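First to last, the protein sequences are chains A and B.
No gaps in the numbering here: position 262 of the first sequence is 262 in the UniProt record's numbering, and each next residue is one more.
No gaps in the numbering here: position 44 of the second sequence is 44 in the UniProt record's numbering, and each next residue is one more.
Keep in mind that the hints were calculated from the coordinates and are not lab data.
Just so you know, these numbers come straight off a predicted model, no measurement behind them.
Treat each hint with caution, since some may be false.
Keeping only pairs whose Cα atoms sit at most 30 Å apart, straight-line, the calculated DSSO-like set for lysine-lysine is [unchecked claim]:
no.: 1; chain 1: B; residue 1: LYS210; chain 2: A; residue 2: LYS137
no.: 2; chain 1: A; residue 1: LYS18; chain 2: B; residue 2: LYS210
no.: 3; chain 1: B; residue 1: LYS122; chain 2: A; residue 2: LYS36
no.: 4; chain 1: A; residue 1: LYS15; chain 2: A; residue 2: LYS30
no.: 5; chain 1: A; residue 1: LYS18; chain 2: B; residue 2: LYS122
no.: 6; chain 1: B; residue 1: LYS126; chain 2: A; residue 2: LYS15
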Amino acid sequence: MPIIQVKDLSKIFGKNAKKATQYLDQGLSKEEILEKTGNTVGVNRASFDVEEGEIFVIMGLSGSGKSTLVRLINRLIEPTEGSVYIDGKDLATMDKKSLRDVRREKLSMVFQRFALFPHRTVLENAEFGLEVQGVDKSERSQKAKDSLEMVGLGGYINQFPGQLSGGMQQRVGLARALANDPEVLLMDEAFSALDPLIRKEMQDELLELQETMKKTILFITHDLDEALRIGDRIALMKDGRIVQIGTPEEILVNPANDYVEKFVEDVDRSKVLSAEHIMKRPETVDVEKHGPRTALERMRKEGLSTIYVTDAKRNLHGYVTADDVSEAAKKEVKDLKGILRTDIPKVEKDTSMQEIFDIIHDSPVPVAVVEDGKLQGIIVRGAVIAALAGSEVNLNGTNA
Amino acid sequence: MELMPKIPVAEWISSATDWVTDTFEFLFDFIKNDFGDFIEIFAEDWLMGIPIWLFIVIVGLLAFFVSGKRFGLMAFSVIGLWFIANQELWEELMNTFTLVIFASLISVIIGVPFGIWMAKSKVVEKVLTPILDFMQTMPAFVYLIPAVAFFSIGMVPGVFASVIFATPPTVRFTNLGIRQVSHELIEASDSFGTTGTQKLFKVQLPMAKKTIMAGINQTVMLALSMVVIASMIGAKGLGQTVITGLQRAEVGTGFVAGLGIVILAIIIDRFTQNLNTQRGD
Numbered sequence: 001m002p003i004i005q006v007k008d009l010s011k012i013f014g015k016n017a018k019k020a021t022q023y024l025d026q027g028l029s030k031e032e033i034l035e036k037t038g039n040t041v042g043v044n045r046a047s048f049d050v051e052e053g054e055i056f057v058i059m060g061l062s063g064s065g066k067s068t069l070v071r072l073i074n075r076l077i078e079p080t081e082g083s084v085y086i087d088g089k090d091l092a093t094m095d096k097k098s099l100r101d102v103r104r105e106k107l108s109m110v111f112q113r114f115a116l117f118p119h120r121t122v123l124e125n126a127e128f129g130l131e132v133q134g135v136d137k138s139e140r141s142q143k144a145k146d147s148l149e150m151v152g153l154g155g156y157i158n159q160f161p162g163q164l165s166g167g168m169q170q171r172v173g174l175a176r177a178l179a180n181d182p183e184v185l186l187m188d189e190a191f192s193a194l195d196p197l198i199r200k201e202m203q204d205e206l207l208e209l210q211e212t213m214k215k216t217i218l219f220i221t222h223d224l225d226e227a228l229r230i231g232d233r234i235a236l237m238k239d240g241r242i243v244q245i246g247t248p249e250e251i252l253v254n255p256a257n258d259y260v261e262k263f264v265e266d267v268d269r270s271k272v273l274s275a276e277h278i279m280k281r282p283e284t285v286d287v288e289k290h291g292p293r294t295a296l297e298r299m300r301k302e303g304l305s306t307i308y309v310t311d312a313k314r315n316l317h318g319y320v321t322a323d324d325v326s327e328a329a330k331k332e333v334k335d336l337k338g339i340l341r342t343d344i345p346k347v348e349k350d351t352s353m354q355e356i357f358d359i360i361h362d363s364p365v366p367v368a369v370v371e372d373g374k375l376q377g378i379i380v381r382g383a384v385i386a387a388l389a390g391s392e393v394n395l396n397g398t399n400a
Numbered sequence: 001m002e003l004m005p006k007i008p009v010a011e012w013i014s015s016a017t018d019w020v021t022d023t024f025e026f027l028f029d030f031i032k033n034d035f036g037d038f039i040e041i042f043a044e045d046w047l048m049g050i051p052i053w054l055f056i057v058i059v060g061l062l063a064f065f066v067s068g069k070r071f072g073l074m075a076f077s078v079i080g081l082w083f084i085a086n087q088e089l090w091e092e093l094m095n096t097f098t099l100v101i102f103a104s105l106i107s108v109i110i111g112v113p114f115g116i117w118m119a120k121s122k123v124v125e126k127v128l129t130p131i132l133d134f135m136q137t138m139p140a141f142v143y144l145i146p147a148v149a150f151f152s153i154g155m156v157p158g159v160f161a162s163v164i165f166a167t168p169p170t171v172r173f174t175n176l177g178i179r180q181v182s183h184e185l186i187e188a189s190d191s192f193g194t195t196g197t198q199k200l201f202k203v204q205l206p207m208a209k210k211t212i213m214a215g216i217n218q219t220v221m222l223a224l225s226m227v228v229i230a231s232m233i234g235a236k237g238l239g240q241t242v243i244t245g246l247q248r249a250e251v252g253t254g255f256v257a258g259l260g261i262v263i264l265a266i267i268i269d270r271f272t273q274n275l276n277t278q279r280g281d
């Protein structure tokens with residue numbers, strides 16, 4: 001069962017919000033509802049599941065409702081309609097006491113502007129959640145120290161937040177959230193207030209921590225690069241609506257609509273796309289069945305100067321060039337084994353575009369995509385350039 | 001004008017006051033007698049029981065440490081107090097000090113909870129704000145009249161009138177301080193599952209401390225400013241000397257006593273300001 005289940009969750013700000021939900025049901029847009037009722041739609045019938053141990057990113061521009069959505073999940077904002085199930089229990093209808101217990105035990109939040117308590121030391125900040133739960137002094141101090149140690153702030157426990165840099169302050173924020181040992185970490189633009197270098201460092205650290213922690217993380221961001229970097233899955237929001245949910249590749253490669261497409265236009269695709277997205281079905285000849293004549297004819301038909309040679313099981317043996325093949329044909333050689341070349345430029349399915357770029361640059365022949373010795377596809381120079389330019393690429397990569 | 005007879009507001013207020021005086025006589029008597037006795041003991045037995053030189057030394061030392069081990073406040077306190085003693089106004093000073101202390105303490109004890117209540121509820125804020133405005137703009141002399149009705153004359157009605165006059169800043173600043181705590185910190189507190197009380201004592205009050213202390217400082221200063229007015233209904237102290245100076249047209253006497261009030265005001269003000277530091281600043 002997913003740890004977080006969100007079902008038709010809506011938030012409408014303003015008076016008579018319930019009434020305005022009728023317009024949501026009729027499918028009216030945010031602007032139309034604002035005009036008709038004066039209410040602002042924060043989140044519009046959002047539904048998604050987050051699996052345990054997953055980093056689920058909610059991404060959207062400012063005003064898209066992503067910060068409202070994350071606050072609906074721990075009910076810092078009261079939902080107008082819909083349900084949020086945490087471990088199967090609906091938070092939206094919970095009484096105050098149970099809600100407090102869920103917040104204490106299951107959900108911790110990291111804030112965009114850190115939200116550290118300036119009158120408390122770093123240690124006291126990290127202790128806060130445990131203190132609220134009534135954990136006794138020595139135990140909570142130990143747990144808080146452990147979690148500060150984990151984010152690399154073991155030496156700063158007696159400082160005040162005001163004495164630390166932004167990056168360090170957010171580490172305290174992270175340590176404060178982790179000290180509770182929550183099941184779910186809600187991170188609201190947690191790294192957005194940091195400068196780009198520190199931001200990248202924090203992303204790396206979060207991923208590193210995640211390797212051992214295996215927490216469920218709901219990460220909010222407006223930065224697509226960040227979303228693609230850390231997200232296992234991404235939900236894209238616009239005007240309070242979730243427009244697409246998918247893995248980073250799915251979103252890049254198959255944008256659900258113009259909005260998403262526009263969004264992903266500027267992404268550095270070379271970092272995200274890999275060999276399987278740009279390879280195409282290879283023309284091959286069979287080393288056991290075909291001789292130079294067949295090869296020559298197939299190359300002439302397809303307009304190729306080289307062709308890959310496999311066996312019936314698609315095991316890659318090498319390639320032959322047009323010159324060698326026509327020479328052999330003249331000499332009436334029966335098979336291709338004599339002229340087989342084996343200096344094959346090989347990559348794997350998940351080799352990134354950046355690496356492919358280097359390989360293909362020096363190679364006279366198309367790059368072979370190989371898995372377990374079997375030829376999966378080939379990549380021609382044109383495909384790399386086309387993919388970088390953002391035109392059609394194939395999502396599932398098989399294409400064969 | 002003839003169409004509308006005069007509305008007997010004054011009569012209403014008077015009869016209401018009479019009613020309160022009669023109905024709560026037991027309470028007023030209790031306060032007047034027991035609390036009055038306590039104030040007297042505090043001023044005459046305790047404060048005046050301390051030798052003048054020792055009192056000055058203690059204040060001087062406190063000033064030194066409170067001001068962060070600097071000599072300015074200490075020097076001023078010692079010289080100021082010595083001057084008042086030299087002018088033979090020490091007993092008056094102690095009485096004035098007592099009045100200020102009791103009036104401020106009661107104001108804070110009443111004011112802070114009201115400020116918290118005001119911060120928690122918009123309705124309460126809407127109701128209390130005009131009442132506080134009224135309390136502060138009504139001429140302070142007016143409070144003397146019911147004060148005398150309830151408690152006759154002496155220190156107790158003086159404290160009563162001072163409390164009414166001096167409480168509003170504490171209420172206002174407490175409300176302001178709590179409301180000023182940033183929304184994100186409140187969210188952070190809520191997100192960890194704090195109860196209302198935990199949030200108040202672990203986040204809101206500590207964060208509002210500076211503002212609340214500024215309000216308390218104002219309250220103390222207002223209480224001090226009531227000293228002269230309260231002495232018109234028999235509250236002992238420097239104010240009485242000022243009034244005597246006024247009645248006998250003795251400029252010098254009035255001025256010296258006034259100077260004593262100024263010195264006390266400066267010492268108390270600097271003390272409370274120096275105490276107003278926050279962790280993590």
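Against the structure, the hints:
1. LYS210(B) / LYS137(A): 27 Å, holds
2. LYS18(A) / LYS210(B): Outside the cut-off at roughly 41 Å; violated.
3. LYS122(B) / LYS36(A): Satisfied, since the Cα-Cα distance of roughly 29 Å is no more than 30 Å.
4. LYS15(A) / LYS30(A): It holds: about 16 Å lies between the C-alpha atoms, which stays within 30 Å.
5. LYS18(A) / LYS122(B): With Cα atoms ~23 Å apart, LYS18(A) and LYS122(B) stay inside 30 Å; holds.
6. LYS126(B) / LYS15(A): 21 Å, holds
In summary, the one numbered hint that this structure violates is 2.
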